[in-house]
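Going line by line, the protein sequences match chains A and B.
Residue numbers for the first sequence follow my numbering, beginning at 46 and rising by one.
Residue numbers for the second sequence follow my numbering, beginning at 150 and rising by one.
Any given hint could turn out to be false.
What the hints assert, rightly or not - Some chain A residues judged to face chain B by a derived CB distance under 8 Å, without partners named:
(1) Ala152
(2) Arg156
(3) Tyr326
(4) Thr329
(5) Leu330
The hints are simulated quantities; they were obtained by calculation from the structure and are not laboratory data.
Idealized CB from N, CA, C, for every residue including glycine.
For reference, the chains in residue letters:
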Amino acid sequence: MIGSLFTPFLFQSAAQAITPILLAALAGVLCGRVGVFNLALEGQMLAGAFAAIVGSFLAHSALVGVAAAMAGAAAFSLILAYGATVFRGDPVVIGIGMNLLASGLTAYLLRVVFGVSGTFSDPGVVGLGRIAIPALAGVPVLGWAFARQSAITWAAWALTALIGVVLYLTPVGLRLRGVGEQPEAAGALGVDVARYRIVTVLVAGALTGLAGAQLSLGAVSVFAEDMSAGRGWIAVVAVMLGRNNPLYAAAACVLFGFADAIGVNLQSRGLPNQLTDAAPYVATLLALVVSHRRRSRFSQRSRKPAPTAGEAAAAHRRGGSGRKA
Amino acid sequence: MSPIDRTPPRLDRLRIPPVALAAGFAALAGAALILVSGHDPLSAYAEIVRGSLSPESLPDTLAWATPLVGMTLAAALPLRGGMVNLGGDGQLVIGGLVAALAPLVLAGPGPFGAAAGLALAALGGGLYAALAAWGEVRHGVPMLISSLLLSYPAVGVTSYLARFPLRDVATGLPQTLMVPLDARLPVLTGALNAGSLLIAAIALAVVVFDRRTSAGYELRMRGKNARFAGYGGVRLGRQAVGTMFASGAIAGLVGATLVLGSQFRFIDGALLTPAYTWSGLMAALLVGGEPVGAILAALFFAALQTGGFAMQRETSVPRVLTLVLQAIVILFLAMRQGIGRRT
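Isolated chain A (complex conformation) (with noise of 0.2 Å):
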């Protein structure tokens, strides 16, 4: 029964269903290591799914559809990235204000703009194609499943290793992180700090219009209400997970995307799609829960009382609006 699960077609729907998860983490990764509490992931990528169908249906394209996925979830991102800094705004209070704008506002739109509500498609918008590497179609078991993904998917792997490296291994990586870890030493040694995260926050956002793209321009051609359905969620989990390196994240998107496809297989196989909807978030819990009981075992040890993950919370949120009076 277990083993039967582990089809190619497992495969090639965690595929699917991790890239828009692994893009908003690694957007949420970016924002969080320059000190900005990204909680609008769910909202940035709906932004980006519409955008995405509009660019693609105007110019019955799917590469100006992606561009328009990113920069109309760049421009979304605008809201967070000067909220949070020159404003001073609360992150949290922020995020959950755009993932409701964002909401309404595709909401509003597709019925202004299409004349429809609910879902939008239509022939003139063309979908992402699927990319077969040659090299790659003899893997045994994955062979099958890496012939049927999208160039965006390709591209969030690429974009992972891309992250990785420049964090870690280059000077802006370095700026980046003092940013985020010290901000007054690094607005010290001459870094401008509102700008460095400013910018960040908005190649994030292009990073979660990806994510929009994928969603809406993957698999099938369509733009449906709340279509980001709580992945953002699920993506800050990630980052949370990952404590912001993006590896560690991207391994958290791996078990959701695999914990979703499970439950897609399951559903398959008769069981109601009510109860395998849930099969991601249970995951996301489970993850949760088990890292931050390894993780409080081992800080009792090491610190003093630890603060709860809630004040630890706080505190990311005051480092990310800059300091209180």
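Starting from the known structure of chain A, fit chain B onto it as the hints suggest.
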């Protein structure tokens, strides 16, 4: 008077209340969006006002405000102590389902069934919310995220139950059996039922708790500085679990009043479609969880949303615009508060 006081009034000296400024800004942005759709913003706004505040539509606004105020209180209570309950949806559906089943399962006269439904719904929602707090206190799992994630399985399981094992097969819809007539909440007038009185009583209790009790003071102290509160003798773990239990219990009660007061059965999705949880959270966030302000904000949002129905009917501007307006208000205020908070 020193000469410095006689400098000409600058814009920030005019002291426009930030909420009014935010609402005005949202109205302007919304007007731009209405223009994009090719309609007249003024007539659309006029419909919102007429559709929510005119004598014939006021009861509808109050009926819509009942669950919204309830979910606002559920969000405001933890917020007062610096905690965020994002799992209102899960607690809401648990309360709703429990309330729909209790009168059917428990033997006894109808009013007993209603009372038991309300009590068990509060218990169910409360325990589910307390689970998230316990996870943070005991295992360090951040409640901000865990409360939200717990929501998904709760929504999934209740949806499954309403669609399969507990479904009323006589109807073609995913819903449970009807609640017996005598177990329903009594109607006051038209759209209003006793559930509104219950929520009003809870609102009063939360305000009194916040302003007049030492526990409320301790919660506010935690909100300002959790470490200080802990040093001062507040038992933070117990307080977190208790506060979240109360928050979840209110959410569960909101679900119960909707089921026993107006829907009379658990209909899959019906409790979540109006997004009371998120509107309530926004209303609470507007004022940092201060109960009176939060209730006023909730009433404002309720009027906006009820008026949205009239706007959609009369001018065919989609009523989801009201959600956009709400989001703009909260974003504007989040930043505006930041501007005032100089280091």
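Quiz item: Does the CB of Ala152 (chain A) sit less than 8 Å away from some CB of chain B?
Solution: 4 Å, holds
Quiz item: Per the CB criterion, is Tyr326 (chain A) less than 8 Å away from chain B?
Solution: Interface hint status for Tyr326 (chain A): holds (4 Å vs cutoff 8 Å).
Quiz prompt | Given hint Thr329 (chain A) near chain B, where the shortest CB pair must fall under 8 Å | solution = OK, holds: Thr329 (chain A) within 8 Å of chain B, min 6 Å.
Quiz prompt | Restraint satisfaction for Leu330 (chain A) [CB to CB of chain B, less than 8 Å] | solution = 5 Å, holds
Self-check item: Arg156 (chain A) as an interface hint toward chain B, with CB separation required under 8 Å
Solution: Interface hint status for Arg156 (chain A): holds (4 Å vs cutoff 8 Å).
The structure fails none of the hints (numbered hints given earlier).
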